[in-house]
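K.L.:
First to last, the sequence lines map onto chains A and B.
Counting along the first sequence from 1, when you hit position 366 you're at 366 in the UniProt record's numbering, and nothing is skipped either side.
Counting along the second sequence from 1, when you hit position 94 you're at 94 in the UniProt record's numbering, and nothing is skipped either side.
Read the hints as simulated data drawn from the structure, not as lab findings.
Treat the hints loosely; a few may be bogus.
To be clear about the criterion: a stretch of chain B counts as covered by chain A if any three or more of its residues have a C-beta under 8 Å from a C-beta of chain A, and this derived list gives those stretches [said to hold, decoys possible]:
#1 77-84
#2 123-135
#3 221-228
#4 250-261
#5 312-325
#6 353-360
Note that CB positions come from ideal geometry on N, CA and C, so glycine has one too.
Number of protein chains: 2
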Amino acid sequence: MNPDPDYSAAYVVLHTDEGMEGHGFCFTIGRGNEVCVAAIEAYAPLVEGTDLDLGDLGGFARRLLHDSQLRWLGPEKGAVHMAAAAIINAAFDLAGKIAGKPVWRLLAEMTPEQIVDLADWRYLTDALTPDRALDLLREAVPGRAARTADLLERGYPAYTTTPGWLGYTDDKLGRLAREAVADGFTQIKLKVGADLDDDVRRLRLAREAVGPDVRIAVDANQRWDVAPAIEWMEALKPFDPYWIEEPTSPDDVLGHAAIRRGVSPVKVATGEHIANRVIVKQMLQAEALDVLQIDACRVAGVTENVAILLLAAAFGVPVCPHAGGVGLCEAVQHLSMFDYVAVSGSTENRVIEYVDHLHEHFEDPVRMSRGHYSAPAAPGMSTQMKAASLAAYAHPHGEVWRS
Amino acid sequence: MNPDPDYSAAYVVLHTDEGMEGHGFCFTIGRGNEVCVAAIEAYAPLVEGTDLDLGDLGGFARRLLHDSQLRWLGPEKGAVHMAAAAIINAAFDLAGKIAGKPVWRLLAEMTPEQIVDLADWRYLTDALTPDRALDLLREAVPGRAARTADLLERGYPAYTTTPGWLGYTDDKLGRLAREAVADGFTQIKLKVGADLDDDVRRLRLAREAVGPDVRIAVDANQRWDVAPAIEWMEALKPFDPYWIEEPTSPDDVLGHAAIRRGVSPVKVATGEHIANRVIVKQMLQAEALDVLQIDACRVAGVTENVAILLLAAAFGVPVCPHAGGVGLCEAVQHLSMFDYVAVSGSTENRVIEYVDHLHEHFEDPVRMSRGHYSAPAAPGMSTQMKAASLAAYAHPHGEVWRS
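Bound-form chain A, shown alone:
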């Protein structure tokens, strides 16, 4: 489905009068990045020159998202929503830097009332009310300190997609799968959906490489309709796939629910392309998925993801963020760590995706240890790219583009 990704990002820097900076971005795969840039520029008049109240970041996000003229281009989906994500995440990066805290900690040290106020509750109350969310958050308060200590000591579990890209030779797949296990990962992921015979061979090979105890997820990147998804997965079941990711359209709540019934006991995972919290709500209401894969930069950044984490906790569905892309590993780790400390209170069956590329461009790249993300300590959201990378890759005048 994504044959020629040219990893790109529409990048935002917020500047304060005091010289502080907040960095955020949304991730694209090439052409169209300029559409997100245009959307960010359309929001600029709502941001530039305004007072940013760090105690009301929810209000800041709602002012952007409720702008009626820009909302018309969604509502709350597509380019304008990705643009809002870039700006809202930049505001949280800034808030973390001003507070001197990584964003996971900034969030996890808020009161339940402050956390609930970050979310936009419109369209959610038939599934979760602010009052019920407050109850959930209050129940988690007593355990925050112990979980923070545990997080700082152990990190947050990860899985790796490195072995599983389409187009790798069988030898390379087997070698990378064995390396992943040696590196401490307990789950890997393979792309599937191009050719069934190939998938059967690759999955057999991966299973042989990792043994029976390592989970192997498979990812179809939205390739199938409902019936083909169920048929294809039936052929892969002998190799015990753990979850099937994005079997069909990310908009198709009822389709995912039908697929989930059809592929059991294989789990269904989706979320990287879910447009907003309203689709997430329905995925949960319809029991359409076993694993929710949030994205840091497709829904409206930290604030909408707070609403989504609360929904997932209320429905008892584990969140395993989508990562990779440009800087998504850096961004999503803050969301999962906040979730562990202050929302769901658990890492059981929860893993953050890990892909080993582009980290060298970030000021505070993710740090992996024995298959876990180490908790970031630097202030901010880890979303700031190095000045040299920004200069070299800036389109169209950076040296990479000129050469």
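With chain A's structure known, arrange chain B on it following the hints.
P.N.:
Frame of chain A, contents of chain B only:
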């Protein structure tokens, strides 16, 4: 929800080597129009300089929509999808002009196979297969001639939103409602959702003005969550509202289904902000609405609307297009007329919205007669604006902007 619309459009002209032109646009309400322009420009390399095969307009549309890098910004939603609508509708305007036919007739004279080939069937087959769609279309073939004659004689039924905007005085509301009935309309529509006491008073007044036999639809423009929608409508029931339009988020299939159960016998209508055919499919599967309101320029133009009309016919749900905006009346009439002649074969409980503004800017404006749209006779999709209007309103150098 839309307090300050500044009616705008991102406008496309396709030129052939022979000097023919196809015109299309997507409608916005002001800021953000430039985001749609950027998205249209992002598609331009896929269009400019290519051969447009008028016998394969479905293939043309799929080439745009399946472009993996631009699809990433949706998929199939938001600014990139609105941009695709503008381009695809321009291609149909061009095809109609080359064929010397209005687009409703161009479509209605296609074979069932040609019509089915216009649609993108991905993600639809759990609800409707191309074979079943072919059956539907073939059943309609014998009646096409009689229905075309009927359409040319009577036109297509309409309803009017003119009396019902928020902010009108009670006197103006009553006067416009009476005028609408005198003009032959059998349905009017009122905006609701700002203030319940006001809505009760306005709906009582409108009911007194039009009498018991004229349908009064009400439109909440996405304002409510599920429970408030049901409560609000309970208070309006004494005045026999015909449908409640957009009670909540256009993404909320399950929410609409719950509201529909809660407000019966009032009907539920939605669609102007539905992102694509996948959401439409689910609305039908979940029995979430009684009336489907297609938009010409939010889903991907004629081709995706053909898929949606086929879905609606298969589920037996009447289509009543959203119109108004900029040129939507001009565009959607072709879709409803095609639906009547070649798809559903019925105008029962079907009405096209009519709003009496901006028609003066179009080369071939809609013509109303006794509450009906007269069938367009001019070649094309009626989407071409007058050259003088395009010049005067072009942003930022047109004379209207300069003054």
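K.L.:
Give a verdict on every hint.
P.N.:
Results for each hint:
1. Requiring three or more residues with a Cβ within less than 8 Å of a Cβ of chain A, the coverage given for the region 77-84 of chain B holds, as 6 such residues are present.
2. Check on the region 123-135 of chain B: 4 of its residues sit with their Cβ under 8 Å from a Cβ of chain A, so the three-residue criterion for coverage holds.
3. Look at the region 221-228 of chain B against chain A: 4 of its residues bring a Cβ nearer than 8 Å to a Cβ of that chain, three or more, so the hint holds.
4. Here the region 250-261 of chain B counts 7 residues with a CB under 8 Å from a CB of chain A, which clears the bar of 3, and the coverage holds.
5. For the region 312-325 of chain B, the stated coverage by chain A is violated: 0 residues have a C-beta nearer than 8 Å to a C-beta of that chain, whereas at least 3 were required.
6. Coverage of the region 353-360 of chain B by chain A is violated in this model, with 0 residues showing a Cβ closer than 8 Å to a Cβ of that chain against a need of three.
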